[in-house]
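Note that the protein sequences, when read in sequence, are chains A and B. Each residue of the first sequence is one higher than the one before, starting from 1 at the first, in my numbering. Each residue of the second sequence is one higher than the one before, starting from 1001 at the first, in my numbering.
Per the computed footprint, the stretches of chain B lying under chain A, defined by three or more beta-carbons under 8 Å from a beta-carbon of chain A, are:
{"#": "1", "stretch": "1380 to 1386"}
{"#": "2", "stretch": "1395 to 1408"}
Chain B is nowhere near these chain A residues, computed Cβ spacing over 10 Å in every case:
{"#": "3", "residue": "GLU50"}
{"#": "4", "residue": "ASP102"}
{"#": "5", "residue": "SER107"}
{"#": "6", "residue": "GLY109"}
{"#": "7", "residue": "ALA128"}
{"#": "8", "residue": "GLY147"}
{"#": "9", "residue": "GLY320"}
{"#": "10", "residue": "PRO391"}
{"#": "11", "residue": "PRO432"}
Calculated from the structure, these hints are not laboratory results. Even for Gly, the Cβ is constructed at its ideal location relative to N, Cα and C.
Number of protein chains: 2
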Amino acid sequence: MTAEQAPPSGSGSGPTAPSPSPAPGPRSASRERGGGAERVGVEQHLREVEALLGPVLAGRGVERVRLDDALDRVLAADLLAPVDLPSFRSSQMDGYAVHADDVAGASTGAPVVLPVVAEIPAGPGTPAVLAPGTAARIMTGAVVPEGSDAVVPVEDTDAARFGAPVSGAARGSVGTQVGVLTPRGAGELVRDVGSDVRTGDRVLVAGTLLGPQHLAAAASCGVPALDVRARVRVAVVSTGTEVVGPGEDAAPGQVFDANLHGLAAAARRAGAEVVLTGRTGDDPRELAALLARAAAEADLVVTSGGVSQGAYEVVKDTLGEDVTFRSVAMQPGGPQGLGTHHGTPILTFPGNPVSAQVSFAVFARPALERAAGRLPQEDERRAVTGTLDSPPGKRQMLRGRTRPGGTVEVVGGAGSHLVATMASADVLIEVPEGVGHVAAGEALRVVRL
Amino acid sequence: MTAEQAPPSGSGSGPTAPSPSPAPGPRSASRERGGGAERVGVEQHLREVEALLGPVLAGRGVERVRLDDALDRVLAADLLAPVDLPSFRSSQMDGYAVHADDVAGASTGAPVVLPVVAEIPAGPGTPAVLAPGTAARIMTGAVVPEGSDAVVPVEDTDAARFGAPVSGAARGSVGTQVGVLTPRGAGELVRDVGSDVRTGDRVLVAGTLLGPQHLAAAASCGVPALDVRARVRVAVVSTGTEVVGPGEDAAPGQVFDANLHGLAAAARRAGAEVVLTGRTGDDPRELAALLARAAAEADLVVTSGGVSQGAYEVVKDTLGEDVTFRSVAMQPGGPQGLGTHHGTPILTFPGNPVSAQVSFAVFARPALERAAGRLPQEDERRAVTGTLDSPPGKRQMLRGRTRPGGTVEVVGGAGSHLVATMASADVLIEVPEGVGHVAAGEALRVVRL
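Can you build the whole structure from these sequences, using the hints too?
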């Protein structure tokens, strides 16, 4: 059995779909499976994929987009604060701006009574200097007047609470007096200029995948647009006379192609723009024309199928020496190819839909994220719910589902099947090379789908 | 100090931005904070938000979209398989289709030699019935001929491996013979019709947020389009003369508005369509006109700010009795309002950008997801890296960052600040009501930002 077809022993998975073994054609006799096909580890293949994609994709450059268009884009350069925040001294609470010295002796038994000389709402405007011995009613976020160095919260005064019904000139309003019941030291409840962010502080780190909180932070600094990485343009090509598109008629011997939509969606999730999708049978001229167009329009071409159909290997025949076909020590997804066709990087994935998704998640996604300048993601590790056995010498990527409490279970019991299993998985669970047995409760790396 | 302004004791957070206390206006004297403002728990407020949004948003209905447009949409109804998969008996490997009875006695020492009468590639077509005592060369995924009930992998024969260079009529090709070295029982390496999915099997569950693996599963079944929930239309309104848009000039006393972009992005991440964003000062007529337009265009209106400016409470004055303003036992994000304005549900959030983000994550997002029919999400719990103290009687939502190994740490040390803290958080860490102390290593619920 090939790596691709061996069911994960001990995982309880049922039969997997056919997924052909790597079998290079005559033009690549030196890489023949029968005669010693190239076999490489997962990390080596990933490094080569990254090396292949890195320079080309880095050349995609940077574009400036408005905040409204920046969600889920990758920040291209650190965002340094262009201003101090706050840009003016502001009150942290509703209360009274005072001179701290004036209220140093205040207590409930002996309030310090001050005339209220002004009312300062939040909003534009510069209030008058506050004279010693006076107080100004002030709202949260309003400018603290020059002269004042502390705010006494309304709760610590004998004034009516703001917003409560007022009849006539309530105590504490302008023109009346307020009794301060608690002392406040210099600086208390006053947010100083630059106390949140100073001009030049790094607010966002290059490589951040921009979420709502990052856009809010940029907006807080008055920044209306951000420099983000241009999206990588991806072309997705499905091959094989045995596949037809969903919605088409499938003759006996034909299966519906899951990969055009599955890989395009995976590419979009990875932040790429899908510029071309196409499906061909096994006419090499048709495929050659499609691949030429894909290479011209995209920064990366991804194919599925056609690499390992025994004697019928249209992708291999068409790509010839442009692509290195090899067997990667991974299950599923062993038969892989990488190269450059018409100057554009190309990755060839196996046609089995699960293998194709795993291939994308393990090779294309990290390479695209790295090429896009994404910050390295922390590995996520989760405890598994049951014991696992794994064949030696291969990295096994099991479909898994997150359980309450954050553990993960392998999906695909004896009675379950490829399509249903694929649909119910939300993670891939990685059993590393060299690990033959995993006990229940042990933590393994997971890759989110 | 109000809940909103109390720094999370023990969390090491620095000063937080001003976030006004709830102080209802004259029209809602019965809910006055000073005189006993309505105070409710987080769960009660969430239930009321869900009850408010549920019926209205459920009325948004369903739309059918092509698979290419279905990524990140919510499936409206279970997808039942319209066909059997496989739809024909197919070979699991490259090898030879045989009659199992013929090879029952095969061994390496005594191969069973059969004439190779046909070659069956993957692809459309119905092969001829296989006569007893013969074999057909067959590729992975190809139709197993009638008569044959087992496939012998090429590795278990004396034939040349497929794809290897062939000179002349290699052993195992059509017209020659093949020696079978290992017996295979009836059904082995033959995928039966419907063995993966039977017509009528549930392939996808209603409420699924559609990802690449789900689209691949639908495509595998030949389904070209899916019924998804119509997107909820959201309007986002920022209020207050103290806020200006990023890119505008900020006078002394004015701050840049983080919430229009922050909340719009959060709404998009929750699967909503943002149909209107608008910002007004504190002119009630201007706000009333904007809110009327928002209510007409959207299924949900979200406002920020203007609910608690002491004497200047434009949102409260404009919405009047349409909205219940209250203090929710949550920190930050205590001052909340909910109601129906011009027939459209409205939520009023505090203006502090962190409070607004927390409010959206805790109230709007789960309500939107529930209204959209999303499957309930499993709670995610993570161990915290340090000890935490929390004020009694309130649910505290701390900004946190995921660490290697999956623990979370509170962000916002003594020297850090609102904007930077907001930008560096990827989760909210929930310290439940009634929990005053959390030891390092204890697991708390986290909400992804």
